[in-house]
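Participant: Here are the chains, one letter per residue:
Protein chains: 2
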Amino acid sequence: MADRITPRKEDFSQWYADIIQHAKLADQAPVRGCLVLRPNGYALWEVVQGELNKKFKETGHQNAYFPMFIPESFLNLEKDHVEGFAPQCAVVTHGGGKKLEEALIIRPTSETIINSMYSKWVKSYRDLPVLINQWANVCRWEMRTRPFLRTMEFLWQEGHTCHETEDEARKETLKMLDIYLGFVRDVFAIPVIPGRKTESEKFAGAEETYCLEAMMQDKKALQAATSHYFGQRFAKVFDIKFQDRNSQMQYVYQTSWGISWRILGALIMTHSDDQGLVLPPKAAPIPVVIVPILQKNKDNSEVLNVCNKMKEELMPHHRVLLDDRLEHSPGYKFNEYELTGIPLRIEVGPRDLANGICVLARRDGKKSQVKLSELIVRVNEELSDLQKSLYNAAYERLKNNTHLENSFSTFKEKIESESGFYQLHWCGSRACEDKVKDETKATIRCIPFAQIRETGKCIVCEKESTGRVIFAKNY
Amino acid sequence: MADRITPRKEDFSQWYADIIQHAKLADQAPVRGCLVLRPNGYALWEVVQGELNKKFKETGHQNAYFPMFIPESFLNLEKDHVEGFAPQCAVVTHGGGKKLEEALIIRPTSETIINSMYSKWVKSYRDLPVLINQWANVCRWEMRTRPFLRTMEFLWQEGHTCHETEDEARKETLKMLDIYLGFVRDVFAIPVIPGRKTESEKFAGAEETYCLEAMMQDKKALQAATSHYFGQRFAKVFDIKFQDRNSQMQYVYQTSWGISWRILGALIMTHSDDQGLVLPPKAAPIPVVIVPILQKNKDNSEVLNVCNKMKEELMPHHRVLLDDRLEHSPGYKFNEYELTGIPLRIEVGPRDLANGICVLARRDGKKSQVKLSELIVRVNEELSDLQKSLYNAAYERLKNNTHLENSFSTFKEKIESESGFYQLHWCGSRACEDKVKDETKATIRCIPFAQIRETGKCIVCEKESTGRVIFAKNY
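Chains as they are written, first to last, in this note's numbering: chain A, 37 to 511; chain B, 37 to 511.
Incorrect hints may appear among the rest.
Which copy is meant is left open, so a pair is good if it fits within one copy or across any two.
[As the list claims (entries may be wrong)] Straight-line distance between alpha carbons at most 27 Å, and here's what the computed DSS-like set of lysine-lysine pairs gives:
1) LYS90 with LYS255
2) LYS369 with LYS493
3) LYS318 with LYS91
4) LYS159 with LYS369
5) LYS238 with LYS473
6) LYS159 with LYS60
7) LYS60 with LYS277
8) LYS60 with LYS448
9) LYS369 with LYS207
10) LYS91 with LYS509
11) LYS448 with LYS159
12) LYS499 with LYS272
13) LYS277 with LYS334
14) LYS318 with LYS93
15) LYS403 with LYS369
16) LYS159 with LYS272
17) LYS134 with LYS115
18) LYS369 with LYS93
19) LYS156 with LYS477
20) LYS90 with LYS318
21) LYS424 with LYS403
22) LYS450 with LYS93
23) LYS135 with LYS207
24) LYS90 with LYS435
25) LYS134 with LYS207
26) LYS134 with LYS345
27) LYS334 with LYS159
28) LYS369 with LYS156
For the record, the hints were derived by calculation from the structure and aren't laboratory data.
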């Protein structure tokens with residue numbers, strides 16, 4: 037392990053790796069490209085699970101679990117789907133000491149296995165909608181991996197729904213994108229651009245893919261979540277039919293939507309600094325730590341009593357850690373909680389007590405003295421202010437690094453020297469999209485819902501365009 | 037799907053399969069031996085997760101996640117472990133379209149992969165204890181599978197801990213067994229016999245295996261949970277060493293413990309009846325359903341108003357479902373909730389309202405009229421009484437079907453005609469244990485903590501024995 041955290045300016049990608057190690061979020065596994073999610077990292081994943089499960093259930097979804105093994109033949113049923121996923125599959129050829137008659141794929145995503153079950157379960161409009169989600173591990177064979185962002189095995193949730201009508205399914209697709217948006221914005225304090233993917237960036241097998249695009253501190257884009265509308269494509273392949281209200285047989289309309297542990301990568305790269313991880317209070321498994329200033333070989337009972345009382349007072353509002361270890365100095369502890377990103381530190385020493393005060397130190401560096409009698413109010417204020425302030429800083433960055441450009445050559449120069457979101461006119465053709473990618477590595481991240489609609493000329497071919505789309509380099 | 041549930045007396049194992057289908061708990065997957073856990077089943081698994089996570093965290097454990105892929109060479113490192121698990125492994129030989137240099141095993145259990153990480157993380161006694169748990173899927177290639185009890189892939193949790201001393205590790209092993217016991221007894225209302233496994237029934241690689249043995253309605257035994265003490269066996273293989281308080285290098289002492297979705301099988305086979313699933317109130321995702329007696333083409337607003345008020349009143353205490361669907365008759369609904377095991381049904385019709393009463397119908401058949409003004413108190417009473425009564429019935433069965441036997445021939449006759457727990461004297465030899473198994477299919481389920489300690493003669497060889505052990509046929 038590196039002794040210090042590499043500064044962002046020196047090497048952003050090393051900084052990212054250092055944060056993950058120093059904050060003990062994850063570690064490299066013995067198998068190439070696999071990640072071990074350590075307790076500090078898993079606690080963040082539990083925040084994702086807890087918040088999203090609440091929203092999913094409020095909107096009528098239920099959790100279930102489908103097998104990780106998919107018969108190889110299933111994957112081949114939908115043409116686009118197999119083209120997209122077959123090259124990334126891990127294949128089980130032997131089981132129980134014998135060669136299998138049909139090889140099994142480890143799910144890279146579960147449309148095929150889940151739809152094969154839906155075709156058994158859905159018979160009538162009374163069985164609809166089917167609103168099912170699963171939390172699972174999936175496997176995609178990646179050549180170049182990066183912690184959280186691109187790993188061979190990863191954790192995610194995938195929702196798969198069936199509906200009576202196209203309209204209902206389309207609404208579901210957007211509703212779920214909106215749930216992700218609320219979570220990412222309000223809990224993880226990450227501003228995002230919601231939009232639609234182009235044909236070439238769509239999920240393999242989808243009619244439409246919607247996404248949330250975030251901007252990291254190095255100004256590269258990161259896709260935070262996706263939601264897909266399938267129409268009846270998989271329904272026809274897997275024969276998911278129902279008797280409708282007029283006794284006619286119809287195919288269902290479907291969606292799927294997912295968020296993976298890459299959102300933890302986005303969290304890290306949005307807020308953290310050269311001192312370590314920075315967690316927005318609502319994303320923090322433990323938002324408050326109390327560090328008593330203890331003195332070795334002295335009676336610390338007065339300070340400890342006050343700290344215990346503080347903890348009791350705060351616990352109904354926030355999860356609080358009281359670090360009363362004697363073997364470590366306050367300085368050691370300050371450093372530890374800076375590394376692990378705890379949003380608010382409360383320092384209490386004997387001198388403070390005499391004055392009826394304590395010190396609140398925010399992870400963003402702001403310090404203040406507060407009266408003990410005002411502790412709860414002030415802790416709530418600081419946490420809520422820190423949450424906003426982290427969001428605002430990220431939002432400013434997103435805004436300040438989103439550029440309008442009309443000339444291809446200027447754009448190429450600019451993106452060469454500085455990443456960012458570039459709002460460019462585009463004619464809609466695959467050829468122009470590919471040309472930009474080949475020459476700049478930037479791709480169309482999305483056609484934003486809040487698209488700048490104006491007549492202009494495609495940045496490549498100069499044909500007419502009716503609105504700008506967002507190009508950026510991405511993770 | 038069978039139209040009706042096969043009665044237990046007719047065919048217990050078909051009854052079990054029918055309950056699972058009719059209560060929509062699970063379904064057969066397209067891959068042999070794999071199970072789809074449907075929403076009704078997953079909701080029960082969420083009860084297991086929620087209750088155990090609370091207990092695990094209260095006792096200082098943290099969740100983490102380790103990869104499902106284990107290099108084949110890892111498994112070979114511990115002799116007993118590989119002998120136990122190698123024949124059951126699923127093997128990934130190809131990834132990303134290429135043959136792998138080293139095949140990967142899908143975890144049948146995670147001792148090897150987790151210990152390889154612990155050897156990196158543990159350096160000093162200050163890093164101890166390591167108290168980590170993971171919720172994960174694992175894969176064991178089984179030839180004869182049975183829903184929940186024996187499936188190729190299954191969901192479970194596995195805790196893996198490291199300790200400074202043997203004493204601490206042994207205490208942890210028993211502490212976790214006790215947490216399982218509390219959960220299984222108090223939430224799932226399943227009485228169990230805690231005890232120790234014999235050499236031949238131990239977990240592959242463990243020094244000691246402790247277990248909880250439950251009795252199903254067909255009087256066969258089911259192992260509900262296990263907890264293993266490893267001593268330093270894996271620590272030596274994976275070189276997990278720490279500098280102790282005297283600056284000496286020592287190997288850690290380890291434990292692991294797990295419970296899988298087979299506990300859902302135990303829940304089903306302990307309480308359910310020929311009408312469907314029976315859930316103890318604390319195990320039920322929704323313990324109370326309100327069924328208004330609605331009349332088609334009439335104004336039902338009065339009844340519905342009262343039902344909505346009831347729901348509001350009850351919700352702070354219990355999760356309540358109000359089934360106000362007009363398209364289904366009350367009888368249809370009664371049947372549905374009998375199938376799915378909802379512990380308490382509240383029926384409210386216009387005539388009841390006129391009398392200021394409603395009907396409480398317990399899943400075990402007890403019905404009573406209660407005054408609306410006493411609803412909450414009476415609902416709480418009935419739920420708590422039902423919980424106790426289900427436990428007591430299961431406990432009586434366990435007691436009444438546990439027999440003392442001293443003659444091998446009588447025992448063989450008896451167990452041939454009737455399953456049960458047989459308390460037999462045993463000399464401690466593998467040969468006698470195997471002989472009983474060969475001739476009766478019964479195995480030693482455990483040496484109970486509350487062993488009947490008395491001098492006697494081994495039921496097979498008649499050598500001296502100092503106490504009785506429990507023999508039974510098992511799932």
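Participant: Are the hints correct? Go through all of them and say.
Facilitator: To see whether the hints hold, each was checked on the structure:
no.: 1; hint: LYS90 with LYS255; verdict: neither (32 Å within a copy, 40 Å between copies)
no.: 2; hint: LYS369 with LYS493; verdict: neither (57 Å within a copy, 63 Å between copies)
no.: 3; hint: LYS318 with LYS91; verdict: both (15 Å within a copy, 24 Å between copies)
no.: 4; hint: LYS159 with LYS369; verdict: between (60 Å within a copy, 19 Å between copies)
no.: 5; hint: LYS238 with LYS473; verdict: within (16 Å within a copy, 59 Å between copies)
no.: 6; hint: LYS159 with LYS60; verdict: between (49 Å within a copy, 15 Å between copies)
no.: 7; hint: LYS60 with LYS277; verdict: between (49 Å within a copy, 20 Å between copies)
no.: 8; hint: LYS60 with LYS448; verdict: neither (39 Å within a copy, 58 Å between copies)
no.: 9; hint: LYS369 with LYS207; verdict: neither (49 Å within a copy, 30 Å between copies)
no.: 10; hint: LYS91 with LYS509; verdict: neither (31 Å within a copy, 45 Å between copies)
no.: 11; hint: LYS448 with LYS159; verdict: neither (55 Å within a copy, 50 Å between copies)
no.: 12; hint: LYS499 with LYS272; verdict: neither (37 Å within a copy, 70 Å between copies)
no.: 13; hint: LYS277 with LYS334; verdict: neither (76 Å within a copy, 34 Å between copies)
no.: 14; hint: LYS318 with LYS93; verdict: both (20 Å within a copy, 20 Å between copies)
no.: 15; hint: LYS403 with LYS369; verdict: within (16 Å within a copy, 61 Å between copies)
no.: 16; hint: LYS159 with LYS272; verdict: within (14 Å within a copy, 57 Å between copies)
no.: 17; hint: LYS134 with LYS115; verdict: between (30 Å within a copy, 21 Å between copies)
no.: 18; hint: LYS369 with LYS93; verdict: between (39 Å within a copy, 23 Å between copies)
no.: 19; hint: LYS156 with LYS477; verdict: neither (45 Å within a copy, 38 Å between copies)
no.: 20; hint: LYS90 with LYS318; verdict: both (15 Å within a copy, 21 Å between copies)
no.: 21; hint: LYS424 with LYS403; verdict: within (17 Å within a copy, 55 Å between copies)
no.: 22; hint: LYS450 with LYS93; verdict: neither (45 Å within a copy, 51 Å between copies)
no.: 23; hint: LYS135 with LYS207; verdict: neither (45 Å within a copy, 43 Å between copies)
no.: 24; hint: LYS90 with LYS435; verdict: neither (31 Å within a copy, 42 Å between copies)
no.: 25; hint: LYS134 with LYS207; verdict: neither (47 Å within a copy, 41 Å between copies)
no.: 26; hint: LYS134 with LYS345; verdict: neither (63 Å within a copy, 61 Å between copies)
no.: 27; hint: LYS334 with LYS159; verdict: neither (75 Å within a copy, 30 Å between copies)
no.: 28; hint: LYS369 with LYS156; verdict: between (57 Å within a copy, 23 Å between copies)
Checked against the numbered hints above, the structure breaks hints 1, 2, 8, 9, 10, 11, 12, 13, 19, 22, 23, 24, 25, 26 and 27 and satisfies the rest.
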